[in-house]
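Chain B: place on chain A using the hints.
Line by line, the protein sequences are chains A and B.
Just so we're on the same page, my numbering is the position in the first sequence counted from 1, plus 13.
Just so we're on the same page, my numbering is the position in the second sequence counted from 1, plus 3.
Check before you lean on any hint, since a few could be wrong.
[Said to hold, decoys possible] List of simulated lysine to aspartate or glutamate pairs, DMTMM-like, C-alpha gap at most 25 Å:
1. B/K56 with A/E162
2. B/K60 with A/E175
3. A/K36 with B/E395
[What the hints assert, rightly or not] Residues on chain B that point at chain A, a partial pick, calculated with CB under 10 Å:
4. K29
5. Q47
6. A124
7. V141
8. A148
9. V280
Everything labelled a hint here was simulated from the structure, so no lab data went into it.
Backbone N, C-alpha and C fix where the C-beta goes; we use that ideal spot for every residue, glycine too.
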Amino acid sequence: MKIKGKAWNYGDNINTDFMLPGKYLELTDNKELAKHAMEGIDPTFAKKVQKGDIIVGGKNMGLGSSREHAPLALLHSGVGAVVAESFARIFYRNSFNVGLAAIECPGISKVKTGDEVEIDTIAGTITINSKEKLAIKPLPDFMVQLLNEGGLVPYLKTHMKEW
Amino acid sequence: MSQTVSQKILAEHAGLKSIEPGEIVKANIDIAMAPDLTAVIAYQAMKEMGVKKVWDKSKVVFLNDHIAPATNIQNATLHKQCREIAKEEDFTFFYDINAGVCHQVLPEKGHVWPGMLLVGADSHTCTHGAFGAFATGVGSTDMGAALATGKLWFKVPETIRVEVNGVLPKWVAPKDVVLKSAKEIGADGATYMAIEYGGEAIRSMSMAGRMTICNMAIEMGGKTGIVEPDRITDTFLKGRVRNKYKIIKSDPNAEYAKRLDIDASALEPQVACPHAVDNVKDVTKVVGTKVDQVFIGSCTNGRLEDLEEAAKILKGKRISRDVRLMVTPSSFEVYDAANAMGIIKVFMDAGGVVCNPSCGACFGGNNGVIAPGEVSLSTSNRNFRGRQGSTEGYVYLCSPATAAASALAGVISDPREVK
Numbered sequence: 014m015k016i017k018g019k020a021w022n023y024g025d026n027i028n029t030d031f032m033l034p035g036k037y038l039e040l041t042d043n044k045e046l047a048k049h050a051m052e053g054i055d056p057t058f059a060k061k062v063q064k065g066d067i068i069v070g071g072k073n074m075g076l077g078s079s080r081e082h083a084p085l086a087l088l089h090s091g092v093g094a095v096v097a098e099s100f101a102r103i104f105y106r107n108s109f110n111v112g113l114a115a116i117e118c119p120g121i122s123k124v125k126t127g128d129e130v131e132i133d134t135i136a137g138t139i140t141i142n143s144k145e146k147l148a149i150k151p152l153p154d155f156m157v158q159l160l161n162e163g164g165l166v167p168y169l170k171t172h173m174k175e176w
Numbered sequence: 004m005s006q007t008v009s010q011k012i013l014a015e016h017a018g019l020k021s022i023e024p025g026e027i028v029k030a031n032i033d034i035a036m037a038p039d040l041t042a043v044i045a046y047q048a049m050k051e052m053g054v055k056k057v058w059d060k061s062k063v064v065f066l067n068d069h070i071a072p073a074t075n076i077q078n079a080t081l082h083k084q085c086r087e088i089a090k091e092e093d094f095t096f097f098y099d100i101n102a103g104v105c106h107q108v109l110p111e112k113g114h115v116w117p118g119m120l121l122v123g124a125d126s127h128t129c130t131h132g133a134f135g136a137f138a139t140g141v142g143s144t145d146m147g148a149a150l151a152t153g154k155l156w157f158k159v160p161e162t163i164r165v166e167v168n169g170v171l172p173k174w175v176a177p178k179d180v181v182l183k184s185a186k187e188i189g190a191d192g193a194t195y196m197a198i199e200y201g202g203e204a205i206r207s208m209s210m211a212g213r214m215t216i217c218n219m220a221i222e223m224g225g226k227t228g229i230v231e232p233d234r235i236t237d238t239f240l241k242g243r244v245r246n247k248y249k250i251i252k253s254d255p256n257a258e259y260a261k262r263l264d265i266d267a268s269a270l271e272p273q274v275a276c277p278h279a280v281d282n283v284k285d286v287t288k289v290v291g292t293k294v295d296q297v298f299i300g301s302c303t304n305g306r307l308e309d310l311e312e313a314a315k316i317l318k319g320k321r322i323s324r325d326v327r328l329m330v331t332p333s334s335f336e337v338y339d340a341a342n343a344m345g346i347i348k349v350f351m352d353a354g355g356v357v358c359n360p361s362c363g364a365c366f367g368g369n370n371g372v373i374a375p376g377e378v379s380l381s382t383s384n385r386n387f388r389g390r391q392g393s394t395e396g397y398v399y400l401c402s403p404a405t406a407a408a409s410a411l412a413g414v415i416s417d418p419r420e421v422k
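Only chain A is shown next, with the shape it has when bound in the complex (with noise of 0.2 Å):
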């Protein structure tokens, strides 16, 4: 899996907060969630975003809440795929589950809101601005499943006797 874009960087403890407001939890449509993708950190971010634009943190990328709405909002709102130093382990779950990459690269960090990041999932690596190389640290099989079937609710759709 290719995914090209530029980059959002907010630095370390990316909050669930930061991703998807509480006050916004009662909202059940997807597109009414992308509204408000990023708001708690950045207001403007839903009308910047372009489609495919990766979302850079450091370490503990999506601490805080179980609120699936942030990996929802985010990924309804065109981001491409979410990279950082380390995860939260429940948004890292959530957004495997809903179909959003979410991809652990050491030195990510020091990309710049803007640079050109482009991730290659079966090579195992980030090109920044088409020179710097970084890898990617492997993800584990069921997750690249999970991403290539669209996410547990199509994966588990064909996968029920599996389970």
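Then chain B, alone, in the frame of chain A:
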């Protein structure tokens, strides 16, 4: 092979003799809990998976608690959908807005017991580790899979062992213990790990205190907090839990990824400062900071013992007129008991606003949000920027005693200094 209590519980639920940290196992779930804001999405996910009914209607618990009662048409609709699902599925248990906060209601109503595997569509599900359960928060799609099949995959966690020895001084609380461990472990120091609390200070602690401590495991990235069960656990559960349970403990020579020692006797009241849960200082370092709103409640600190501590400080006094005091008992059982003991009147006489049980104030939902520039001092579990309303607000976290002392003075105060 020696194992931690977390390994043993997961192994048993996966039908295996023993398992190693890092291994991925599929395990059978005893109880799947989902509150209003995530339950409907989870149920829809289950339907989209092609499954018509939940795997076991006696093992699913839905609650309307996060914004209760409804404050607008959108969340009123979510509540209505939860009620409809519960009725259509004929759930054995369903708790509407007159029960309380999920993590208080579950143990009160007998849905938590030692050795069980519990998943909840709320990150603070780790609270139930206080009963020696393996309890962890999941997202809505994982919950959908759990509802559909009664199974989920788990990565077996490593464990951090926190030994808390000594005796907590007067006005120093279990909340101060967990804030201190957040300071030492850090906001990501326990990612994908279980945090097992032991030592004499934990052994002599009430279930309320143990729940406060396990509740905040997630704030260090933890998958669950866990305390080995004992007589205090049994006493709480007696008359509540309907099924038999087995006491599971860690082997004496179990392997831990890390150990941390906390001397309870030397501990001061702690305060987590904006905007990170691990930005923790001794109360004496932040005394005098002006506050606009004080919140006593939440799944962290809204239990009877918490309200009692706060009421001891507030009794016969008035809060500062520059402060709003919001008190939210965690459940109707707590509310009722506090009322019978005269504690609710203490809060009212002091000038506090006593709200019905709901999660709202903790996450900026209802029952008291803060305006730009305002400071909240809260007994809840998160102080992220914007957590309790305005992104230009500031949230500090503390114990109920520190909250009460500060409400009197209008500035952050040391509960040990109240006359």
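Problem - Structure versus earlier hints - violations, ascending order - result: Of the numbered hints given earlier, the structure breaks none, since each of them holds.
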